[in-house]
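Engineer: Sequence:
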Amino acid sequence: MTTNAEDSRTRPRRRAPAGAAVLREDVTEAIRAAVFEELAAVGYARMSIEGIARRAGVGKTAVYRRWRSKLHLVLDIVSALAVQSLPAPDTGSLEADLRLLYEVTSRALRHPVASQVIPDLQAEAARNPDIAEAMRKALRDGQESVASSILTAAESRGELRPGLDRDLALDLISGPLYWRAVVIRTPKLPKGYLDALARGTAEALKAL
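For the sequence shown, my numbering assigns the number 2 to the initial residue and increments by one for each residue that follows.
These aren't lab readings, by the way, just hints derived from the structure by calculation. Note that the Cβ used here is the ideal one computed from N, Cα and C, for glycine as well. Treat each hint with caution, since some may be false.
Unchecked claim - Quick list of the computed label-pair ranges, beta carbon to beta carbon:
(1) Glu104 with Leu209: 32 to 42 angstroms
(2) Ala205 with Val105: 14 to 24 angstroms
(3) Ser157 with Val105: 19 to 29 angstroms
(4) Lys189 with Ala42: 21 to 31 angstroms
(5) Arg128 with Thr92: 39 to 49 angstroms
(6) Ala89 with Ala197: 18 to 28 angstroms
(7) Asp91 with Tyr65: 21 to 31 angstroms
With the hints as extra help, turn the sequences into a complete structure.
Structural biologist: The following block contains the structure:
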């Protein structure tokens with residue numbers, strides 16, 4: 002009579018079922034980069050999976066294995082911007098923190114691809130609530146986490162009063178740059194604009 006141990010050694014082992022194919026990260030990143038380039042080149046309305054795949058150097062199947070449609074693809078990428086938080090400045094001064102934040106944000110908003118993609122997606126957001134929500138998260142929530150860190154640090158240093166209106170503070174911090182870069186699309190910021198903006202915003206926040 003065979004023991005359980007002997008039986009387990011002699012019984013043929015079942016092969017583990019094959020799992021889903023592993024998606025190559027380099028291909029995923031190539032597709033993401035191609036989406037931004039395609040958006041900048043032709044806009045959301047004319048953008049196609051075929052064009053994205055061609056630009057990324059992959060087949061359409063590679064795109065569809067990752068996203069169901071161009072809408073889901075764009076929503077995923079735009080939403081990802083929200084979690085790619087800017088590093089929170091920690092200079093020891095509210096005005097200096099704001100100045101550093103404005104420098105980084107201004108560069109990002111004026112990137113050739115971003116300057117084309119953001120206005121186009123904003124136009125689409127007026128017609129598509131899903132894109133509108135993704136844009137809200139990408140443009141506001143990402144800034145909110147950094148701005149909140151700046152405000153908390155300033156409160157702890159005694160530069161700001163505790164319990165100020167955070168929503169109003171965020172509007173004061175983020176509004177001017179987005180107005181110039183996204184709404185009126187000023188080609189170039191005036192000399193000294195970021196310094197003056199940081200100084201004026203710091204004073205406005207202290208008055209809240």
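Engineer: Next, verify each hint and record whether it holds.
Structural biologist: Results of checking the hints against the structure:
1. Glu104 with Leu209: 32 to 42 angstroms: Taking Cβ atoms as reference, Glu104 and Leu209 lie about 23 angstroms apart, which means the hint is violated.
2. Ala205 with Val105: 14 to 24 angstroms: 20 angstroms, holds
3. Ser157 with Val105: 19 to 29 angstroms: 22 angstroms, holds
4. Lys189 with Ala42: 21 to 31 angstroms: 23 angstroms, holds
5. Arg128 with Thr92: 39 to 49 angstroms: This hint holds: roughly 42 angstroms between Cβ atoms.
6. Ala89 with Ala197: 18 to 28 angstroms: Given range 18 to 28 angstroms: holds, Cβ gap about 23 angstroms.
7. Asp91 with Tyr65: 21 to 31 angstroms: 43 angstroms, violated
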